[in-house]
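Undergrad: Listed below are the residues making up each chain.
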Amino acid sequence: MIKFENINKTYPGIQPLHVLKGINMNINEGEFVSIMGASGSGKSTMLNILGILDDYDTGNYFLNGTLIKNLSEKRAAEYRNKMIGFIFQSFNLINFKNALENVALPLYYQGLSRKKRQIKSMEYLDMMGLKDWWHHFPNELSGGQKQRIAIARALISNPKVILADEPTGALDSVTTEEVMQILSEVNKSGITMIIVTHEKSVADKTNRIIHLRDGIIESDLLNSHEIPGI
Amino acid sequence: MRFLEFDTLTEILSTMKENKLRTFLTGFAVAWGIFMLIILLGSGNGLKNGVTSNFNDRASNTMMLWGGRTTMPYKGLKAYRSIKLTNELLPYLKNHFTEIDKISGQVDRSSTVSFGTENGSYQIYGVQPDYQIISNMTFATGNGRFLNDKDLELDRKVIVLSRKVAKSLFKEVNPVGKWVKMDGLTFQVIGVDMKISNDNEAKCYIPMKTAQKLYTLGNEVNNISFSVRGLVTKEENDDFGQKVREALGRELIINPDDLNTIGLWNQASDYVQTMGIFSTLDLFVMFIGICTLIAGIVGVGNIMVITVKERTREFGIRKALGATPGSILNSILLESIVITSLFGYLGMMFGIGLLELINFAINSNQKAAADGERSISIFMNPTVDLNIIFVATIILILAGLIAGYIPARKAVRIKPIEAMRAE
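Top line first, the protein sequences correspond to chains A and B. Our numbering numbers the first residue of the first sequence as 468 and each following residue consecutively. Our numbering numbers the first residue of the second sequence as 163 and each following residue consecutively.
No wet-lab data here; the hints were simulated from the structure. One or more hints might be untrue.
Below are the DSS-like pairs computed for lysine-lysine, each with C-alpha atoms no more than 30 Å apart in a straight line [stated by the list, open to error]:
no.	chain 1	residue 1	chain 2	residue 2
1	A	Lys627	A	Lys598
2	A	Lys564	B	Lys572
3	B	Lys577	A	Lys470
4	B	Lys179	A	Lys587
Could you build all of it, start to finish, from the sequences and the hints given here?
TA: Here it is, written out as structure tokens:
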């Protein structure tokens, strides 16, 4: 599903910052992966490249068999819309749109009719247990609710991959548990899930943990849930 | 590109609603600009129409000649000789000066005209057919016609009444075809001049030849009126007036230093001068109008810059969700168009509404005064050329587009990840 071949990324500046130093990585369809690392390790950059939000300097990135390189803005937008669902730490909901409209937004850019958008969005809100909250605006919702809306929004376009950037970073431990539960269920439905986090407890819920350090992969281990006590 | 789809519009309306104050401020800048422009142009036009209407008794490009008394002896002729204008001078002038367009002799008398038991004393003008154009007369359907060549040739006893005369003699009856009595003769009414500014002028027109016979004037005329063409500046009009006097002076054997004997009313020159003042005023009004528009443009531009900046984060989110740069650019520009056209239209409605109100007030004022003395207004019919307003609105819309486009293009180029970081 995802293949990184010797990906390099340098941020230009007075002191150029070489953040990714030849990353090679392979993630198969349906995997549940977490990317860990201290701040500055390059994990956010990696996520941005994965999400086609940022480009890279050298190497090759294949997403679902397609080489993602030097895409036009329009093509990039199309891939993001069809293949990738985003979940952010700060939710990134649009404040002046209600829950339903927020969930429906990716469908708007797919050109679906208003009626179809509403029906489908309602379905996904219901799936997140927020059917009764559809007309509420983000500032009327709790952090957990907001993140569930964001998840519904990420899922609605049937993406191949979900990229989550510190999805529980702004949540308390109870809601963190809740959200991780949902993400795990989403993964079980067959969607590849990649979570960037620096929380060990979150990473431990995933099946594979990739550690980044100073722009290189330090370790790439399968995670066994059988370990008791975690 | 889905540019004008219902969905796109709904999206825009929702962002406009979200930012009510901003929408209002942008809109206000546009509406106010257009409103002021209309009031300004309307007032300028109102002033111009008011002053021009005072010229309307005669076509604006006319001159009138009359004879006086010489003050100097010349070529053996004594001083204090009375100079009379005659029929023969008409073809002479017409053939001599290509600048002369319409020309008519004029015999002035005052007489009592009666119809049935009604009668009144009116100005009687013996004139020629060209006088209709020189005097700006209009005949609506059902109001007959002015004198024609046949009337003069056949020495017909026909008469044309001004509106005022028709009203006082005939009340509600249509006078055309009826017979009136004057100086012991009967004249058939062939037309009523409906010129509005003539409302208070009691005038009757009969064929010049008929009048000359009636008052035993032979070939003498009191005045000669003519309209000129091809003269643009005041200087040209003044020079031409002087040239006509010189020619008449030679014909009538008047000392070249004594040309004041021939009276000349050069309305064309007055008119050109007044219009000159107005073209300066027009220029001034246009200048202020353009300044008002620029203020509006700056207002729109300013707010568009702020708008785009405020929404950078939102654009980032939208891009992450699959919005193409084009669709975002589109929505910004369309929002700008919707706001400017909507409020431009509002400003236009208010401006035109106010002008109509002023017009209504002036008109009812004039109606009240119509039966009394003739009211001379210097402010009349303050209309605006809708084309100008239309163009002004288009300019504002385009300015809003450009003002929105520059920051929008920049915002669209920002990577979504950076845009989302912006707070």
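Undergrad: Are the hints correct? Go through all of them and say.
TA: Results for each hint:
1. A:Lys627 - A:Lys598: Judged against 30 Å, a Cα distance of about 25 Å means the pair holds.
2. A:Lys564 - B:Lys572: 24 Å, holds
3. B:Lys577 - A:Lys470: 23 Å, holds
4. B:Lys179 - A:Lys587: At roughly 25 Å apart (the allowed maximum being 30 Å), A:Lys587 and B:Lys179 satisfy the hint.
When the structure is compared with the earlier hints, no violation turns up for any of them.
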